[in-house]
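> Per our numbering, the very first residue in the sequence shown carries number 53; after that it's consecutive.
Some clues are possibly wrong.
[Stated by the list, open to error] Dumping the calculated EDC-like pairs for lysine to aspartate or glutamate here, alpha-carbon to alpha-carbon at most 20 Å:
(1) K112 / E137
(2) K147 / E113
(3) K174 / E143
(4) K174 / E137
(5) K112 / D122
(6) K99 / E164
(7) K147 / E164
(8) K102 / E164
(9) K112 / E131
(10) K188 / E100
(11) K188 / D142
(12) K147 / D127
(13) K196 / E131
(14) K93 / E113
(15) K188 / D122
(16) K112 / E164
(17) K176 / D152
(18) K197 / D152
(19) K93 / D122
(20) K112 / D191
(21) K95 / D168
[Said to hold, decoys possible] Label pairs and their in silico Cβ distance ranges:
(22) E100 / Y125: 18 to 28 Å
(23) K102 / L140: 30 to 40 Å
(24) F136 / P162: 12 to 22 Å
(25) G84 / G153: 38 to 48 Å
(26) G184 / D152: 11 to 21 Å
(27) D152 / D191: 18 to 28 Å
(28) I124 / K197: 18 to 28 Å
(29) G178 / T101: 38 to 48 Å
The hints are simulated quantities; they were obtained by calculation from the structure and are not laboratory data.
Small disclaimer: the values here were computed from a predicted structure and weren't measured.
Every residue gets a Cβ at the ideal spot worked out from N, C-alpha and C, and that includes glycine.
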Amino acid sequence: MKTFVLKSFDKILLVLLTCLGFGACESAVEYGAPHADFIIKGKVTDKETKRSIPNVRVIKESPGDRIYGDTIYTDQNGEYNYAFESYLFDEATLKVEDADGEENGGWFEPQEITIDSKDFQKIKNGEGWYEGTFSKVQDFELKKKQIQ
53 MKTFVLKSFD
63 KILLVLLTCL
73 GFGACESAVE
83 YGAPHADFII
93 KGKVTDKETK
103 RSIPNVRVIK
113 ESPGDRIYGD
123 TIYTDQNGEY
133 NYAFESYLFD
143 EATLKVEDAD
153 GEENGGWFEP
163 QEITIDSKDF
173 QKIKNGEGWY
183 EGTFSKVQDF
193 ELKKKQIQ
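Let the sequences and hints guide you as you build the complete structure.
Have a look at this one:
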């Protein structure tokens, strides 16, 4: 009987510690995996007038992210600067969407592109599993929606 209780306790403890170990990870990057810091920056402008568009959502989604659809907004000059730490990824999606409609000069059509980590330029070296810092400039020109 004592052996049965100890074996059951061992199994329960193993499951509990396993759950706690996986739940304790705050970062999407794990120890022993190649990772880097990435910076995507650029400007969002009106395709017709070339004027900058403030308050546009910039959303990055990639399959390896724990949080899908991480969002930032363009500033008053239509510029954004999105920095994140990630595994070296194959592809991610970068979307821009009009967030406030008429307040920024009209309704604009959303735009989406696929980015690849190979398209980034290395701006700082790393060591060990940390590969360094990579940067990419990605500008967008949005077309106004045809409202009927």
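> Confirm or reject each hint.
Comparing the hints with the structure gives:
1. Taking the CA atoms of K112 and E137, the gap is about 12 Å. The hint holds against a cut of 20 Å.
2. Proposed proximity of K147 and E113 is supported: the alpha carbons are some 8 Å apart, at most 20 Å.
3. Proposed proximity of K174 and E143 is supported: the alpha carbons are some 17 Å apart, at most 20 Å.
4. At most 20 Å may separate the alpha-carbon atoms for a hinted pair to count; K174 and E137 meet this at roughly 14 Å.
5. For the hint pairing K112 with D122, the CA-to-CA distance comes to about 6 Å; that is within 20 Å, so the pair holds.
6. For the hint pairing K99 with E164, the CA-to-CA distance comes to about 15 Å; that is within 20 Å, so the pair holds.
7. A hinted pair counts as satisfied when its Cα atoms are at most 20 Å apart, and K147 with E164 qualifies at roughly 4 Å.
8. Restraint check for K102 and E164: the C-alpha separation of about 19 Å stays at or below 20 Å, so the hint holds.
9. Only pairs whose Cα atoms come within 20 Å are accepted, and K112 paired with E131 is accepted, the gap being roughly 15 Å.
10. Distance check on the hinted pair: K188 and E100 sit about 25 Å apart at the alpha-carbon level, beyond 20 Å; violated.
11. Taking the CA atoms of K188 and D142, the gap is about 15 Å. The hint holds against a cut of 20 Å.
12. In summary, the hint linking K147 to D127 is supported, as the alpha carbons are separated by about 16 Å, within the 20 Å threshold.
13. For the given pair, K196 sits about 18 Å from E131 by alpha-carbon distance, which is consistent with the 20 Å threshold.
14. Using a Cα cut-off of 20 Å, the hinted pair K93 and E113 holds, with the two alpha carbons roughly 15 Å apart.
15. A hinted pair counts as satisfied when its Cα atoms are at most 20 Å apart, and K188 with D122 qualifies at roughly 17 Å.
16. Between K112 and E164, the direct Cα distance comes to roughly 10 Å. Compliance with the 20 Å bound is thereby established for this hinted pair.
17. With a CA separation close to 36 Å, the supplied pair K176 and D152 exceeds the 20 Å bound.
18. Under the criterion of a C-alpha separation no larger than 20 Å, the hint pairing K197 with D152 is consistent with the structure, at around 13 Å.
19. With a C-alpha separation of about 15 Å, the suggested pairing of K93 with D122 holds against the 20 Å cut-off.
20. Taken as a hint, the K112 and D191 pair is honoured in the structure, with Cα atoms around 14 Å apart against an allowance of 20 Å.
21. A C-alpha spacing of about 19 Å is found between K95 and D168, which places the hinted pair at or below 20 Å, so the restraint holds.
22. In this structure, E100 and Y125 meet the distance hint of 18 to 28 Å, their C-beta atoms being roughly 22 Å apart.
23. At about 35 Å, the beta-carbon gap between K102 and L140 stays in the expected band of 30 to 40 Å.
24. At roughly 21 Å, the beta carbons of F136 and P162 sit within the given window of 12 to 22 Å.
25. Checked against the hint of 38 to 48 Å, the pair G84 and G153 passes, with Cβ atoms roughly 46 Å apart.
26. For the pair G184 and D152, the supplied restraint of 11 to 21 Å is violated, since their beta-carbon distance comes to about 36 Å.
27. Checked against the hint of 18 to 28 Å, the C-beta distance between D152 and D191 comes to roughly 20 Å, which is consistent with it.
28. Between I124 and K197 the Cβ separation comes to about 22 Å, which falls inside the hinted range of 18 to 28 Å.
29. Between G178 and T101 the beta carbons are some 42 Å apart, a value that agrees with the proposed interval 38 to 48 Å.
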